[in-house]
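Okay, here's what each chain looks like letter by letter:
2 protein chains.
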Amino acid sequence: MVETFHDCTVMTPMSPCFKTLLFLLLFILSIIPGHQSQYSHPLDPLTPAEITLLQAIVHYSYPTSFHIVNFHYVGLEEPHKSSVLSWLRNPLKEIPHRQAFVIARIDHVTREIIVDLSLYQIISDQVYDGYGYPLLVFEELKAAVNLTRTYGPFLESIKKRGLEIEEVACGSYAAGWFGEKEASKRIVRVLCYYLNGTVNLYMRPIEGISVTVDLEKSIITHFRDRLMVPVPKAEGTDYRESMQMPPFGPPMKQITVVQPQGPNFEIYGHRVRWANWDFHLSFDARAGPVISLAAIFDVEKQQYREVLYKGFVSELFVPYMDLTEEWYYRTFFDAGEYGFGLSATPLQPLRDCPPNAYFIDAYFAAQNGLPVQMPNVFCIFERYSGDIMWRHTETIIQDQEVREVRPDVSLVVRMIATVGNYDYINDWEFKQTGSIKVTVGLTGLLLVRGSIYTHTDQIEGEAYGTLLSENTLGTHHDHYLTYHLDLDVDGYANSFVKSRMQMTQANDDKLPRKSYWRVVSETAKTESDARIKLSLEQADLLVVNPNKKTHVGNSIGYRLIPGSIISPLLSNDDYEQIRAAFTNYNVWVTPYNKSEKWAGGLFTDRSRGDDTLARWSHRNRTIENEDIVLWYTVGIHHIPSQEDFPVMPTLSCGFELRPTNFFERNPALKVKPASPTQWLNCSAYG
Amino acid sequence: MVETFHDCTVMTPMSPCFKTLLFLLLFILSIIPGHQSQYSHPLDPLTPAEITLLQAIVHYSYPTSFHIVNFHYVGLEEPHKSSVLSWLRNPLKEIPHRQAFVIARIDHVTREIIVDLSLYQIISDQVYDGYGYPLLVFEELKAAVNLTRTYGPFLESIKKRGLEIEEVACGSYAAGWFGEKEASKRIVRVLCYYLNGTVNLYMRPIEGISVTVDLEKSIITHFRDRLMVPVPKAEGTDYRESMQMPPFGPPMKQITVVQPQGPNFEIYGHRVRWANWDFHLSFDARAGPVISLAAIFDVEKQQYREVLYKGFVSELFVPYMDLTEEWYYRTFFDAGEYGFGLSATPLQPLRDCPPNAYFIDAYFAAQNGLPVQMPNVFCIFERYSGDIMWRHTETIIQDQEVREVRPDVSLVVRMIATVGNYDYINDWEFKQTGSIKVTVGLTGLLLVRGSIYTHTDQIEGEAYGTLLSENTLGTHHDHYLTYHLDLDVDGYANSFVKSRMQMTQANDDKLPRKSYWRVVSETAKTESDARIKLSLEQADLLVVNPNKKTHVGNSIGYRLIPGSIISPLLSNDDYEQIRAAFTNYNVWVTPYNKSEKWAGGLFTDRSRGDDTLARWSHRNRTIENEDIVLWYTVGIHHIPSQEDFPVMPTLSCGFELRPTNFFERNPALKVKPASPTQWLNCSAYG
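Protein sequence lines, in the order shown, are assigned to chains A and B. The opening residue of the first sequence carries number 1 in the working numbering; numbering runs sequentially from there. The opening residue of the second sequence carries number 1 in the working numbering; numbering runs sequentially from there.
Simulated from the structure, these hints should not be mistaken for lab results. All values derive from a computational prediction rather than experimental measurement. Backbone N, C-alpha and C define an ideal beta-carbon position, used for all residues, glycine too. Treat the hints loosely; a few may be bogus.
[What the hints assert, rightly or not] Partial list, derived from the structure: chain B residues whose beta carbon lies under 7 Å from chain A: (1) ILE158; (2) GLY171; (3) PRO247; (4) ARG351; (5) PRO354; (6) LEU445; (7) MET501; (8) LEU511; (9) THR550; (10) LEU570; (11) SER641; (12) GLN642; (13) GLU664.
[Stated by the list, open to error] Within a straight-line C-alpha distance of at most 25 Å, the following computed BS3-like cross-link-like pairs (lysine-lysine) qualify: (14) A:LYS233 - B:LYS301; (15) A:LYS533 - B:LYS498; (16) B:LYS533 - A:LYS498; (17) A:LYS301 - B:LYS253; (18) B:LYS672 - A:LYS253.
For reference, chain A alone in the conformation it holds in the complex (with noise of 0.2 Å):
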């Protein structure tokens, strides 16, 4: 060991010194939490131990003396679903090389960098200098709001519209692309809110001020004051339980769940049991909770069945409908932009999640590189909400009756992305059926426009929203997830299948009805086949695995069904509708491509829209019998009601995925259902 510091003047990575000290950093770091366990997988996400090295391998090439450098990513680089499939076969033989993906932005460059975290180095770095940047990082956007805080002409325009500058408070906003031809900088607009008796800032903007700082270079570039409107008042806006006044609803007794013999799931790592069912569950910076390698105890079979192998949120649109000059830019894109992830929320034991959820924390990396920990990030829990999973009464059989009802119990993972000022509520729920249903509940705090208005009836001309309160108006909006769902129906070759309801003339006079609906199965062949307008289609949308069949010969199969059906309404020559041109239609379909991860493009702040999943299937790629990768839009057109002031209540959608013809028959049927009882007498703590 000593020969090896000795060594240590000459550091080159793939030196022997390096590597040893790396090695030491890596075995010290071992022995903090969050490392690595016995229950390692390909697919975990980079422990703190690993962020930790990864930076130390990039600060190696691009040492800080000489370089600035700014991580805006840092992810997993995943291994090939071959190698994680090779190795799930056979888990006790090691895990393929450790990754991580790095997006950097080192001396105002962007560059894509791998690091391969076993042999302690960089394996790939490339500048990329395309359209569009990569993730806004929370360092930067604060350096943003400092800026403005302090910036003269914009503590004027706060001390001319009678404002206290303590009680303002900002945020940093991408700025979009609206057709420039020239280089985008990398800008972000800064707005502004006002406390002032109120927590609730986002009711109350401060209007007609334009703010736009140059991240790279730290300075504002563009300052406009171009109106005074009133800030809406405090009064009524606080949602704070403190802050309430009476009269008050009745109060309400108690209610929520127990489980008095413990959890029926097992996590091993990030690896969660449940019932039938097996996934690994992990974090990213972008997408937030990732699941993966998700199947399905087959009773009958005695084997677990692959039903996806990864989803998770690609991207949100999120464009608002207000072209006045401090607005119009306004059309955000949260999970490119600021990170889903990234945005995540610490939950709260017993409110966000009931009280027999389990808690999972995570970790990212800082704009040095250096690992956060995210506490509370996942939580997990059974659900019993007193629904159904099958029942049935049988009435006709002579002296008998049979009843037979199976309560559901389910799993759900959440995770709570509060994006500024709304709140997602991500659900993915999995149930004994087979089904995963997922669900996005939108909650928190419209984004309003302070306005001159205080009455409907003073409205001239569009006011590109709904008049909440006084001088406030809900702005008109939308929001789109786009979901990306690599489904592997029982094997990785799948096709997608559009199984027509077609009005049938029965064209017979000796029938007595004259028509009926039949299925016309279509298999698409290319991507174009697969793109759906729901809106047109009365259909059930299948993936199905061609090269397998039940017993009596149907194709196993997961249906998609979906939930709210949306199409946007912008132009499609609209520039933030071509960077979203993803939510085009409801539905797409393309051949598994390790690259395609992100509907509206890797680097998305300012994006052009020449990387989004509708340039990617434009190719018209082969997808019969093909792994493959389905995509699905849900979301809402949002008209703001007064409902929604000064705190939204949820407005929930989502959608399933249900199996059909994957089982021989209902995998729940020879589901116990737990015996009939009532649990008393419990005691209270907390």
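Got chain A; can you put chain B on it based on the hints?
Using the frame of chain A, we list chain B on its own:
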């Protein structure tokens, strides 16, 4: 009293003697359970005493010694809306006269009879000689089965198939109407199934035999044994827990809900109060649960405000898509033919409803007019499923993090109707945010066709279904549920507003954006303006009170958030679709009309479509600023899959009625969160 009895040789309905007898009867009945309580309400369902009384009154006019009297429908003849509303304003005054609406077949003639229970007399008695017949009744359906099971040629057919008659179970099915010009007879079809080793008779149809029974004459009028098809095997069809064989999945530890301090709802007779809601829950033999006078307490205004005068399932249409001789007529109207309420199943505590549920009985009139108790028809329970009512985490305020979360607790009213093979779980859910969510869960057993096929490779031509198991075809079919929603939004004069979101070109070169959507609100003037095919609309659909505004001037309203969107796939001129023309649009609005309750017509059995919602709407009446009724049809097209065999996992659909500028602000803003508590050391019983 003696004198009165003395007069009893002359008994006319108005004679003092008759009245005294009835009064005595009423007095005796009043001391048996279920009688009108101190909480009497004009919309209460008929009590057993009242049913007994009305039977006596009808029998007095039509003595059974001279007449054949069969009761087909007995229910409350509701007081006029104005009387109910006037009583509601002063509930200390006596309730309006109690009246019963009776549909009876007397001497083979359909009569609509109104009995005044306070006057002890029939106040209206009309012969109905139009198309269609009243609800089928249990006793005659059973008689039709018994006729079949003892019919020589049928026994022959059973024997020919090598089956044992003791193991045959049969049901009677509505025959529909398929264009016959001559007067329709009251007939049913009898379908038989084979038990022999299973209780899941629906998976073992005995195909090829057609039996038609004339209900009036109690004779078999048509019998045909057309072809022999294998009866699918019993193996694998039984769904009873006791019949399941290993291997099993992992045993599950219990999970349940507790309310150690008791429930938050109070029930006064048929009136329910919970949190900010007050509503009346009634039972109707045809509709099942009827929610009336749902009003929500406005904490700011310190008063209850009306939302829903009445809501119920008006009709269910379940057409099967099989044109063969034994199947084509299976186009069922579950409410109008069988009675959705009559099909209610007794709810099993701890299974059909959670441990914190409260159960309510109901009564219907048998064929002879006497009351029959239906135990546990409804359950009412509070739901805490781990969902969040609203939340926000605020992080951009310096040195302060704000985190407010309100877990969601709601109230559910449930009835489950088992209409032959299918089980419909009907939930009305009331939320503290002001929403009413309606959910229908479909479970139970498919109607399958016996078939020669054992593998899909053998299928030639149209199979009309999915091969679920050997010799078992799960027939394609639809479920449409049409809800009658008599919204009275803050008063009875309402309008229907379609707030269309319209893509709009900016058309201004100075603007960076090219497009946005704006809201174009259209108030429906007449019924034709309010016929909506949801797949063609991007709009919020509102019922507003045009006579009231919020402080800032918005129309006070509730909006319909549709769930699944279904369009009919039968040709408009096909007979079953003519009868079900109310499904031609997803949404209709009609002016309130006391007689327009049943979307498929009052006399649905063998109806010809001349009394449907579509016909009423055709009159194109004025609906602006009127007392209006919203009709919404939810449903699914069902291509069965093997997972639906032998018992189907619940598939849900539904809708939400959500306050939209009804409140000045979020009505759940001040809801106090229950103090965070974990309950421990519970002890079990049961």
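Cross-check of the supplied hints:
no. : hint                : verdict
1   : ILE158              : violated (15 Å)
2   : GLY171              : holds (5 Å)
3   : PRO247              : holds (5 Å)
4   : ARG351              : holds (4 Å)
5   : PRO354              : holds (4 Å)
6   : LEU445              : holds (6 Å)
7   : MET501              : holds (5 Å)
8   : LEU511              : holds (5 Å)
9   : THR550              : holds (6 Å)
10  : LEU570              : holds (5 Å)
11  : SER641              : holds (4 Å)
12  : GLN642              : holds (5 Å)
13  : GLU664              : holds (6 Å)
14  : A:LYS233 - B:LYS301 : holds (21 Å)
15  : A:LYS533 - B:LYS498 : holds (22 Å)
16  : B:LYS533 - A:LYS498 : holds (22 Å)
17  : A:LYS301 - B:LYS253 : holds (24 Å)
18  : B:LYS672 - A:LYS253 : holds (11 Å)
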